[in-house]
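Got chain A; can you put chain B on it based on the hints?
Chains as they are written, first to last, in this note's numbering: chain A, 1 to 332; chain B, 1 to 251.
Since the hints were derived computationally from the structure, they do not count as laboratory data.
The structure presented is a predicted model; accordingly, all values stated were derived computationally and were not measured.
The beta carbon of each residue, even a glycine, is placed where N, CA and C say it ideally should be.
Everything hinted at is true.
Facing chain B, a subset of chain A residues (Cβ under 7 Å, in silico): (1) Gly186; (2) Ala193; (3) Leu194.
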Amino acid sequence: MATQEMGAGETRPPATAPPGGSRREGLAQASARIPFRLKVGVVWLFIFVILGVLFALADFNIEWMRDHASFIVKGLRFTIQIAVLAIILAILLALLGALGRLSRNPIAYGVSGFYTSFFRGTPLIVQLFLIAFAVPQVIGNLGLPLNLKNALTLESSVAGVIALGLNYGAYMTEIFRAGIQSVGHGQAEAADALGMTYGQKMKRVVLPQAFRVIIPPTGNEFIAMMKDTALVSFIGISATEAEIFRRAQLVGNADFQPLEAFLLAAGMYWGLTAVFTFFQSRLERRISKGYVRGGPTGGKKTKVVGTSRGDGGLPAVFEEDVAGPELKGQGH
Amino acid sequence: MSDGGNGEDVVKVENLHKSFGDLEVLKGIDMEVDKGEVVVIFGRSGSGKSTLLRCVNFLEDPTSGTIEVSGLRLEGGHRTKGKREQVRQLRIKVGMVFQQFNLFPNMTVIGNVIEGPVTVKDARSMGLDLLAKVGLSDKAEEYPIRLSGGQQQRVAIARALAMEPEVMLFDEPTSALDPELIGEVLTVMKSLATDLHMTMMVVTHEMGFAREVANRMMFFHEGIILEQGTPDEMINHTKYPETKKFFEAVI
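Bound conformation, chain A alone (with noise of 0.2 Å):
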């Protein structure tokens, strides 16, 4: 094992037994052997067991989990759905809310101040019960023609996306002015010098440079957001459409089940924010394209995973493509 060089001094000579003698330094020694990998591997096992002990104590009924199993998974669908719309509707919003925080209109400026300062200094429950709840009372004494009130009713799917969309717009309103902010006042100046009209200035050179630094952090958001639809269902949406975590409660109340059905719950979430991650670490290599300074091999950086602290083995090094594959074979 190439040890030597990463200065651990006592583990250096791997066969015989350690001067001191101890058996301290015997298991130091041991240990170094092992990857750091391995370890956090045996820890994350650990957990698990530790967790399947304890259930087994609770009588865990792995046998209902399996036949409630389906039931539950249905309302993947209609998370991920209110999680879609609503950040549309929150992307949308923001982009009108930075715009407006930029703007030198008072107007703009002022309708998009109480909007941040309104939805991001309330919880979102809260929000989700003024528009479910709210909202309604007043629509109802407005004195509008019955037809109307009617289509202004909301379903309370519909109220969900809507909090949902306006509470995460008022957050993703500072991400996109921090973005736009972000594309040097060099560039539009590039941009104007060559003639180019305000729209194709924005369309063809700032906004791209903005999305740059507004799509890691919107990707986030929506990740979050997957998880906050499971306040949605405090507003009582119909047992059909309902989403992951209403159709835990439906279920785990109904068969005294709260372990076994919010498990599930919970590892559909997971299960849902880990394919998401996955997709958005690969988004944001694709999108650092033209940004990272790459060497003579053309856009492979070596990057640090993991460092074994003090143990003497080697740190884990890779190569990661981060030019992602529209670079590939363009030599060099």
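For chain B alone, coordinates are given in the frame of chain A:
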């Protein structure tokens, strides 16, 4: 030297004033640049030389005065909606090279070069020709971040040339470069002057460049053109102590 009114003026500046708040940076500039002329503008920082250049293509709106570029005449003052399009038309006639290059990092080198209002049918082959002129044919598909400062500035020059401008403005084009990279940019600029007979206004302190290719040098001092003349007149026989002091500082 420019004698004005001979119909050959590419750029004509009349009584140009520019203030930033209470600070008057330009205090009445009058100048003409003839077709094919290379004018080097120099002076201390804050003397208004960069502001003049930025006013010529309305990156700054002049407070008052007139700018004329090959027949298109625009007044200073507030930019109204109707004036915006005229400003754009004027900018298409003017190529600008910035101190910080300002290449678009989200586009390849060739993408940068043909991003402007290119009129010819085969923009790409024209772009490649221009890259060959600045010695960067092999970098067409690279992204700007992978180029050295000198290479980026040469791409920026090619990008400005792609508009087929009537006049090129250089705003301290070598000031942000490491010393060993300045030469390659100056070489390209010299070839624009000698081979293409490009009309150029260059804000720079590169006196070697001025001596070699400038037809005229202008010394800016506190918002006015204190003195102008041929490189020989200016460098060797200056009349003003301010100019002399400046040369002593930079050479």
